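Novice: Just so you know, we're using my numbering here: the sequence shown kicks off at 127 and counts up by one.
Keep in mind that a hint or two might mislead.
To be verified - Below, a list of computed lysine-lysine pairs in the BS3-like style, where the Cα atoms sit at most 30 Å apart:
1) K185 <-> K232
2) K156 <-> K237
3) K232 <-> K156
Said to hold, decoys possible - Okay, the calculated beta carbon distance ranges per label pair:
4) D180 <-> A128: 35 to 43 Å
5) S208 <-> G159: 18 to 26 Å
6) S161 <-> M131: 29 to 37 Å
7) S208 <-> E165: 15 to 23 Å
8) L133 <-> V233: 37 to 45 Å
9) D180 <-> L129: 40 to 48 Å
10) L206 <-> G159: 14 to 22 Å
Hints in this document: simulated from the structure, not taken from any laboratory.
These numbers were taken from a predicted model, which means no experiment stands behind them.
Just so it is clear, CB atoms sit at the ideal spot from N, CA and C, and this is done for glycine as well.
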Amino acid sequence: MALDMMLKEGIKNIFKRHARLGQMTRDGVKALGLSIFAEEGHASNTVTAITIPDGVDGKRLRQIMQSEHGIVLAGGQAHLESKIFRIGHLGLVTEDEIKELLAALKVALPKAGFAGVRR
Numbered sequence: 127m128a129l130d131m132m133l134k135e136g137i138k139n140i141f142k143r144h145a146r147l148g149q150m151t152r153d154g155v156k157a158l159g160l161s162i163f164a165e166e167g168h169a170s171n172t173v174t175a176i177t178i179p180d181g182v183d184g185k186r187l188r189q190i191m192q193s194e195h196g197i198v199l200a201g202g203q204a205h206l207e208s209k210i211f212r213i214g215h216l217g218l219v220t221e222d223e224i225k226e227l228l229a230a231l232k233v234a235l236p237k238a239g240f241a242g243v244r245r
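Could you build all of it, start to finish, from the sequences and the hints given here?
Specialist: This is the structure we're talking about:
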């Protein structure tokens, strides 16, 4: 079934969609006043890693997003565990879902200690 869906959409269109969703995510988190972990030009089109700002409890942010908004954010791994969180935007993720995630993040960030959310 998944392969049929991919064949129907076409590999080039899948790559374009992932690039569009990746850019939309990066632009959205930057608009909230957050920083992308990857250097410009090296960001992934399937997952975006965001640097956790000073004063923000990353674990609390992930808990708020899941319990209040039904959205799962991934934490960092190994030495990045408390330094980043990650947003996946591959597969069947839609633009509307990214918009919903960004709106939820705008609400959740101050609850987790972020004072710099842009209105």
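Novice: Indicate, hint by hint, whether the structure satisfies it.
Specialist: Hints, verified against the model:
Distance restraint check for K185 and K232: the Cα-Cα separation of roughly 16 Å lies within the 30 Å cut-off, and the hinted pair is therefore satisfied. Proximity of K156 to K237 is assessed by CA-CA distance (about 18 Å); at most 30 Å being required, the pair is judged to hold. Between K232 and K156 the alpha-carbon distance is near 11 Å, which keeps this suggested pair within the 30 Å criterion. In this structure, D180 and A128 meet the distance hint of 35 to 43 Å, their C-beta atoms being roughly 41 Å apart.
Distance hint for S208 and G159: a CB-CB separation of about 19 Å, consistent with the stated range 18 to 26 Å. For S161 and M131, the Cβ-Cβ distance of about 34 Å falls inside the hinted range of 29 to 37 Å, so the restraint holds. Separated by about 21 Å at the C-beta atoms, S208 and E165 satisfy the suggested range of 15 to 23 Å. For L133 and V233, the Cβ-Cβ distance of about 39 Å falls inside the hinted range of 37 to 45 Å, so the restraint holds.
Between D180 and L129 the beta carbons are some 45 Å apart, a value that agrees with the proposed interval 40 to 48 Å. Between L206 and G159 the Cβ separation comes to about 20 Å, which falls inside the hinted range of 14 to 22 Å.
In this structure, none of the earlier numbered hints is contradicted; all agree with it.
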